[in-house]
Amino acid sequence: MLHWLTLMADSLPSLLWAALVFTVPLTLASFALGLTVGLVAAVVRLFGPAPLAAIVRFYVWIIRGTPLLVQLFLIFYGLPSAGIVLDAFPAALIGFTLNVGAYTSEIIRAVIGSVPKGQWEAAYSIGMSWSQAMRRTILPQAARVAVPPLSNTFISLVKDTSLAAAITVPELFQAAQRIVATSYEPLILYVEAALIYLALSSVLSALQVRLERRLGQYGGFLEAKS
Amino acid sequence: MIRLSNIEKRFGDLTVLKGVSVTVAEGRVTALIGPSGGGKSTLLRCINLLEIPTSGSVRIGEEELAFQPGGKPAWKDIQRLRGQTGMVFQNFQLFPHRTAVENVMEGLVTVQKWPAEKARERAMALLHKVGMAHKADAWPATLSGGQQQRVAIARALAPSPRVLLCDEPTSALDPELSGEVVEVLGTLAAEGTTMVMATHDLRLASRIAHEVVFLDGGEVVETGPSRKLFTHPERERTQRFIATLTQQGQQGEGV
Chain A
1 MLHWLTLMAD SLPSLLWAAL VFTVPLTLAS FALGLTVGLV AAVVRLFGPA PLAAIVRFYV
61 WIIRGTPLLV QLFLIFYGLP SAGIVLDAFP AALIGFTLNV GAYTSEIIRA VIGSVPKGQW
121 EAAYSIGMSW SQAMRRTILP QAARVAVPPL SNTFISLVKD TSLAAAITVP ELFQAAQRIV
181 ATSYEPLILY VEAALIYLAL SSVLSALQVR LERRLGQYGG FLEAKS
Chain W
1 MIRLSNIEKR FGDLTVLKGV SVTVAEGRVT ALIGPSGGGK STLLRCINLL EIPTSGSVRI
61 GEEELAFQPG GKPAWKDIQR LRGQTGMVFQ NFQLFPHRTA VENVMEGLVT VQKWPAEKAR
121 ERAMALLHKV GMAHKADAWP ATLSGGQQQR VAIARALAPS PRVLLCDEPT SALDPELSGE
181 VVEVLGTLAA EGTTMVMATH DLRLASRIAH EVVFLDGGEV VETGPSRKLF THPERERTQR
241 FIATLTQQGQ QGEGV
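Residue numbers (this note's numbering), protein chains in the order written: chain A, 1 to 226; chain W, 1 to 255.
Hints were generated in silico from the structure; no laboratory data involved. Take these hints with a grain of salt, some might be off.
If you want a taste of the chain A side facing chain W, the calculated C-beta under 7 Å gives, among others [claimed, not checked]:
id	residue
1	Ala110
2	Gly118
3	Trp120
4	Ser125
5	Ile126
6	Gly127
7	Gln132
8	Ala133
9	Gln141
10	Gly220
11	Leu222
12	Glu223
13	Ala224
14	Lys225
15	Ser226
Quick caveat: nothing in here was measured; it's all calculated off a predicted structure. Glycine included, each C-beta is placed from N, C-alpha and C at the ideal position.
Given the sequences, and given the hints that come with them, work out the whole structure.
Structural data, given as structure tokens:
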């Protein structure tokens, strides 16, 4: 028992370091970039010209229809054959961004569509342009509805970054694997890694609650009991 | 002056307006009445171009725009005309994420680029006028329907439009709540606000409107001063419609 605790304590700094330097930045960067891709993709599908909307639909179809791990392997191990060589971290960043972009585009498309048409008309009736109506009237209302499903994507992403271990990114899970290789204590190390992922996603869950409250302060929503 | 000339509106194969011409003088209130599907809402929405007429022309003050089938007017032209109008909707359509006073300020700040302080001053004056100054900082979700509609009227008036368009402004309200909205609109009418309203509400139309236009099947059936049209309609179709409105009034909502 004491041995286990010592091992956990000894490995904690290197696991936290890997989380801090790779897992967290990879998650934040690919979520921010992916959200931007998703917003653009959603707007194109709702308002863009048909051919462009078809391209976006194709993109979403491919990304959602193939395994994330296969996508990462394609980008990191496959693309060099086509003359495109990427370092592990940028390759992971691109893979996760494309993934987040595809999933969030569907969420954003749905929440923009959920704002009543009358709100567009009200915005137009006081002279707003399309982009003013979008920015000032539609997106703020859509944002409140988007928080729970986008949080799902965000939390999934934190855990999915462990797949980057397979393309040599020395993130949290790979750090645990390396310690296991020398200590032969898989149970302890993987439990410890799991707990750190749990801690990270707990932070996001807590942020979700606060964000929902703040964006929904104007009322008219059914609130969660807890 | 507002002049709609020969307005035709088609949705696919369906012709909703069949060459409607209506003139509204400055400072007058015109009520568009008629059965549902008769085209009164569409006509109203053709004035501020929430619907683009298939053909015909719309003139508000000095601004005029003509429409041709298949031709799309430039955004700038739409804005030029729309800027002359304010609109009140059947379901209020306040921005739920903005307080009452922010709703009224929104057009001034976002579109007209007024400084916030100046916009707030004007918004408060308008809220005062519609009797909602005490709820300036309330969220729309906490207001009654009548209160929401009064804030919506203030919002529509904020940019000083040449004409106030009201699309069934009392239809979503019970008689008591619609009473407070009728009162506010009556005050505005007395002050010389030019208004065009689509309505089923006989109380609203008979009390406020100077002119009435009766639309059925996408055409103007009859038009005239409100007192005359409500009491002595000339056309048989108008008589029948007015009779049903009065009946309804006697049974349900007070006239």
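task = If any of the earlier hints don't hold here, list their numbers in rising order.
result = 1, 3, 8, 11, 12, 13, 14 and 15
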